[in-house]
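Colleague: So the protein sequences, as listed, match chains A and B.
Under the numbering used here, the letters of the first sequence match residues 1 to 110, in that order.
Under the numbering used here, the letters of the second sequence match residues 1 to 235, in that order.
To be clear, the hints were calculated from the coordinates, so they are not data collected in a lab.
Just so it is clear, CB atoms sit at the ideal spot from N, CA and C, and this is done for glycine as well.
Take the hints with a grain of salt, since some may be wrong.
Dumping the calculated BS3-like pairs for lysine-lysine here, alpha-carbon to alpha-carbon at most 25 Å [stated by the list, open to error]:
hint : chain 1 : residue 1 : chain 2 : residue 2
1    : A       : K102      : B       : K21
2    : B       : K174      : A       : K102
3    : B       : K57       : A       : K102
4    : A       : K23       : B       : K165
5    : B       : K48       : A       : K23
6    : B       : K48       : B       : K21
7    : B       : K32       : B       : K61
8    : A       : K102      : B       : K189
9    : B       : K223      : B       : K211
10   : A       : K102      : B       : K211
11   : B       : K61       : A       : K84
12   : B       : K48       : B       : K6
13   : B       : K165      : B       : K6
14   : B       : K192      : B       : K174
15   : A       : K102      : B       : K6
16   : A       : K23       : A       : K84
17   : B       : K21       : A       : K23
18   : B       : K223      : A       : K102
FRET-style restraints, in silico, Cβ to Cβ [to be verified]:
hint : chain 1 : residue 1 : chain 2 : residue 2 : range
19   : B       : I135      : A       : L36       : 30 to 40 Å
20   : A       : L36       : B       : L5        : 51 to 61 Å
21   : A       : S42       : B       : V133      : 49 to 59 Å
22   : A       : Y46       : B       : A233      : 39 to 49 Å
23   : B       : N220      : A       : L22       : 56 to 66 Å
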Amino acid sequence: MPIILLALFNIITQYKLRHITLKRLQHQFALWLIILVVLICSFPVYNLLSGNPVFDSSEFSLFDIFQTTAIVVIIYALNRQRQKIEQNEITIRDLHQELSIKMSQEGFKK
Amino acid sequence: MNNKLKVCIVIPAYNEAEVIKDIVKDINDAMKKTAYSYEVVVVNDGSKDNTSTQAKKGGAKLINHILNSGAGGATATGLSYANQNGFDFAVTMDADGQHLSRDVIRGLDTAKQQGNDLLIGSRLVDNKGMSRVKILGNKGLSLITFALFGVNVTDSQSGLRVFSKQALQGLRWKTSGYEFCSEMLWRAKQLKLNIAEYPITAVYTEYSKSKGQNNWNAINIVKSLVRRRLIEAFE
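Working from the sequences, and respecting the hints, build out all of it.
Modeller: Shown next as structure tokens:
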């Protein structure tokens, strides 16, 4: 719970500092709220599902909760890295484009 | 004061030394007879043959890409040049000779009259000379473009496109391969640009047939477009 609250606080700070867009804030907020709901509702959900043999398993251990959270965080981190790589690709492409135009324009003048 | 509309003809080219000189000459000759003030710009996308020498011989201004960036990258460079130099319109055409200069001029006249921001020359209104496999591939890609991005055009992959000044200033895309054709339509829709089509005649020679995309490449295009659509749904 404290980790999630910290994450939510961090997201709001990033938004206030204009480091992230409103759309990104909404997505991240939704992501962490889902994790929060899963954690809070794990026992009622377990009770609900335990009647169904498909989901017949032992209740969530603390390790299970950590593992699930870790998986979500890793997916989130991977997505962040992908976005950064994509941004770098765009920067390189723009740089290449500008360089090509500038060098060619110097060639036009000669 | 010169009131002529400034037009930039952008020809992205990769290893087109065999035909590029004639294509540049042809469009130069045709544009001279019009009321437009124009420049023909060949974007040499890191060709390994002497495309750049041949394009210059034909009378084109040359932008050399240091690295091969794909059709999308080369087109973006050409349009960025047009935007930076204050052109009123830009036209992109293929370097393999499949587009006729009269269709380029007709496109410009049409875009000017109708006030279109992005006018696409559709090869599929009159698909004479196009193989059935190619027709199927192009129609399939247009259908996928509609399904993914909600842009309904008959020929989403056409290389002959006319851009208004507004389109030049706003249009940017992220993909660099042939999938940029569909992505560009999506971005144009997001910018609420006026998109239209007009019929053109595509000339298929043995050379242009050998240079065109095949349907296997269409699979890659679809993969890339689906990935792009999914990524942006979660961003």
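Colleague: It remains to establish, for every hint, whether it holds in the given structure.
Modeller: Structure-based check of all given hints:
{"no.": "1", "hint": "A:K102 <-> B:K21", "verdict": "holds (23 Å)"}
{"no.": "2", "hint": "B:K174 <-> A:K102", "verdict": "holds (22 Å)"}
{"no.": "3", "hint": "B:K57 <-> A:K102", "verdict": "holds (21 Å)"}
{"no.": "4", "hint": "A:K23 <-> B:K165", "verdict": "violated (30 Å)"}
{"no.": "5", "hint": "B:K48 <-> A:K23", "verdict": "violated (44 Å)"}
{"no.": "6", "hint": "B:K48 <-> B:K21", "verdict": "holds (16 Å)"}
{"no.": "7", "hint": "B:K32 <-> B:K61", "verdict": "holds (16 Å)"}
{"no.": "8", "hint": "A:K102 <-> B:K189", "verdict": "violated (30 Å)"}
{"no.": "9", "hint": "B:K223 <-> B:K211", "verdict": "holds (22 Å)"}
{"no.": "10", "hint": "A:K102 <-> B:K211", "verdict": "violated (29 Å)"}
{"no.": "11", "hint": "B:K61 <-> A:K84", "verdict": "violated (35 Å)"}
{"no.": "12", "hint": "B:K48 <-> B:K6", "verdict": "violated (32 Å)"}
{"no.": "13", "hint": "B:K165 <-> B:K6", "verdict": "holds (10 Å)"}
{"no.": "14", "hint": "B:K192 <-> B:K174", "verdict": "holds (18 Å)"}
{"no.": "15", "hint": "A:K102 <-> B:K6", "verdict": "holds (20 Å)"}
{"no.": "16", "hint": "A:K23 <-> A:K84", "verdict": "holds (17 Å)"}
{"no.": "17", "hint": "B:K21 <-> A:K23", "verdict": "violated (49 Å)"}
{"no.": "18", "hint": "B:K223 <-> A:K102", "verdict": "violated (34 Å)"}
{"no.": "19", "hint": "B:I135 <-> A:L36: 30 to 40 Å", "verdict": "violated (53 Å)"}
{"no.": "20", "hint": "A:L36 <-> B:L5: 51 to 61 Å", "verdict": "holds (59 Å)"}
{"no.": "21", "hint": "A:S42 <-> B:V133: 49 to 59 Å", "verdict": "holds (55 Å)"}
{"no.": "22", "hint": "A:Y46 <-> B:A233: 39 to 49 Å", "verdict": "violated (31 Å)"}
{"no.": "23", "hint": "B:N220 <-> A:L22: 56 to 66 Å", "verdict": "violated (34 Å)"}
In summary, the numbered hints that this structure violates are 4, 5, 8, 10, 11, 12, 17, 18, 19, 22 and 23.
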